[in-house]
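**Student:** Heads up: the sequence lines are chains A and B, in that order.
Using my numbering, read the first sequence as starting at 1 and increasing by one per residue.
Using my numbering, read the second sequence as starting at 1001 and increasing by one per residue.
Honestly, the hints are just simulated from the structure, not real lab data.
Where hints are given, some of them may not hold.
What the hints assert, rightly or not - Here are the in silico distance ranges between beta carbons for each label pair:
(1) Val1392/B to Arg37/A: 53 to 59 angstroms
(2) Thr1408/B to Pro242/A: 26 to 32 angstroms
(3) Arg186/A to Val1013/B: 34 to 40 angstroms
(4) Asp36/A to Asp1149/B: 53 to 59 angstroms
Note that CB positions come from ideal geometry on N, CA and C, so glycine has one too.
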Amino acid sequence: MRRFLTHLAAFSALPGLLLLLGEAVLQGSGEVWPTDRVFAFQRSHPDALYLRGIDQSFYAYKYRGILEKHPSILVAGSSRTMKFRASMFGARANAFYNASGMLNSLNDARDFCLLLPAWRTPEVVLLGVDLWWLNEHVLPAFRFESEISKGVGASFDEHIIGIRWLLTHPMIFGSETIALIGGSDRTAIGISARQRGGGFRLDGSFKSPLHPPHADRDWVFVDREMPPIIDRVKYAFGNFPPTDRVSPERLAQLDFVLAEYEKKHVFVIGYLPPFSSAVVRALESDRRHAPFWSDFRRRVPALFRAHGFPVIDASETATIGMDDRAMSDGFHAEETFQVHVLKALLRDGRVQTVFPGAEAVLDRALASPSRLRVTTRSWSEFDVQEPEPHSTISGSAAL
Amino acid sequence: MVFTSLTFIVFYVIVFALYWPLGKVGQNRLIVLSGLVFYGSWDWRFAVLLLCTTGVDFGVGLVLEKEEDERKRRAWLLLSLVTNLGALAFFKYFNFFSDSFARFSALFGLHPSTATLSVVLPMGISFYTFQALSYTIDVYRRELDAVHDPVRYFGFILFFPHLVAGPIVRARNLLGQFTGRRMFNLETAPDALRQILWGFFIKVVIADNLAEVVAQSYDHIGSTSGWQLLYATVCFAIQIYCDFAGYTHIAIGSARLLGIELMRNFAYPYFSRSIPEFWGRWHISLSTWFRHYLYVPLGGNRVTHRRWLLNILLVFLVSGFWHGANWTFIVWGLLHGVLYLVYSRAWPDSQRLAVQTPGGTSFVPSISSLLQIAMTFFLTCVAWVFFRAPSVTDGLVILRKIVSDVVTTAPRFTYKHAALWIVLLLGIEWIQRRHANPLHLERFPRPVRWSLYYAFATTIFMFAPLHYTPFIYFQF
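Kindly generate the complete structure, drawing on both the sequences and the hints.
**Tutor:** The structure is reproduced here in structure tokens:
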């Protein structure tokens, strides 16, 4: 018996060690931390970014962020609205939270609107609406209610998934193991944040992992999504299956969401996020997409207006005086673009009222090349620091 | 508590650690206790039912041993049969009979009010019922002495590795193993572990990954092409085999580590060259049970030719019905019965192939062997269509779609990756088909063996679906 057990122990030693090491890396990197622990860490280390490597599900983290922060100004939508950040919002920066990544369909938008407790309802919601939300052939990929219930603690399965992920990414596994043994200082939580340098700030906004090129000639647009968005449109797959009109059911769903917000006295600002110019051209010229594309751009803004809400259709970058260089891929814009979106929105007196002081902050940022690392033609980020609680945004502390 | 769960692994390690230091009585008591915990983990009421029905068999066994009057002995046996089969009929077949009666009456314009009960099917009731019946029948036939020690008897019934899905070992082959103190066998223990590893591999990697392919097609028959349904049927043939054989390998391996030998249940059935051979290789313990307790009492083959035909058909009919309360299983059973008879007529010796090396001894099979294997596999697949289809009508629709599309359109499939698992399984099984356990690798040096074990363990870890896919045979 002893011999058998010795052999068994010898055989199990290697896989056991690998599993233990994998688990240690998952714990050490913060990859499987429960959201409470992530928030506690971010509160004590305000510069810490959070982004997991094994999946891109942000629902629980963002929802928890809303409950924790109780923001008056909320950005909600998919990953395409993640770059709005607190320091863009002037005097009310501290009341801001970016919950983007949590709404990926109109089902999500509806469930979020209905499930959010009344005592956590924000005053202003900047709602990003994606083109495919209105396409009846694109089915919702997530169930909001079950997604937000995750993240209290990593399940057993998540640990398995995490270790599997590490085994299929041996370089990352190796470097994280070295970092673990070396006791590297922590500025990021989650493997993606640690490896790539991007992730969610405490205000829920997303810090891009992209670094601005040094030379002006390097400012070229590259679609970094795989497969590129233009291919998805050309070959009509993913979020771009052919359809000839906005789905009446989906439009009714959006109508319901806006009506609910109206009932709750929430001021909603509509936002149709941008596409790269090649994607716009393809959507306009391809007969499989063109009717839907124009229907979407006509009916969705009209619906917002019908509810008395302001809306900005930034589907084309040129609308707000930008070009593809403000895009990190075919349908994600960088911070510079969002600054211009806000500037455009502030032309509306109602928006000015809810974002007091924002215009001055944005103007200063756009006028100051030293603060804005690159010109407004770029897709780069701003070099900013989060405002101190309850301080006014001014001078070098802000944009 | 299923074999492929972490709970079971922890449970088994605890039982293993406690088991070996104990003496004979202690070992048997632990088996009873662990069996109750294992079975009761689904629902403790199931455990009560099990104790009641099998407890009757224990008492009947004691009476049968002493009773000399044949009429009274028969009455006692009848009590055991009625208790066991009555419980089985109630829990498994009540709604089926009630529903079938209503439909049959409707054909004549009658609409009697029939009751249906929302009863939950106790886990593995068909398995432990047959197991317990083998005890009373063997005692009745005086082929086995009645057991006086209730701990030993319930150890035989509640031995958790085979409790819910077999193998259905005859009482006289298993009870004896609970007599003395089990001694740990260093020779068989590593092979037991290898068998468990193989069981896990084919269940969680192959069966569970194929389950999705099958479900996608069989749950959407109307919108699935004939080619895809054909592919899904082949996948199902492999899925059900890996699901059940995987369970059996884990059961046999787990039992061997506790010093108990269970009978082999599968012997590479898909390398069979005829349907009779297939039945000598597929679910062997059930076939053996039916042979001993149904076919032979019916007269076996020592009857008129016509009666023999009826006996065979009856055994397959009961076998189909044993699997579940649905006409699909009955059609599946009858189809196999007819095929068995056709083969027996055309190739009388084909059943004997089951005791030979599957697929023949040469590494590269002859063309004729290959064709025979392909034909047998094809016929089993036709029968599997009914086994998996929600209804007989759906089964016919599937077959019609397959025939129509295969004749008129070019092949087109999705989930092509599933074919890799099938090729891997059949490749390993073909190479290792001389051994009961495909991971029997004693001829290789240790580094090679361990590398292969690591490869299998890693594959299990990396490719096992994380959602739970129930063992198909648990429902029976």
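**Student:** Hint by hint, work out which the structure violates, then give me just those numbers in ascending order.
**Tutor:** Violated: none.
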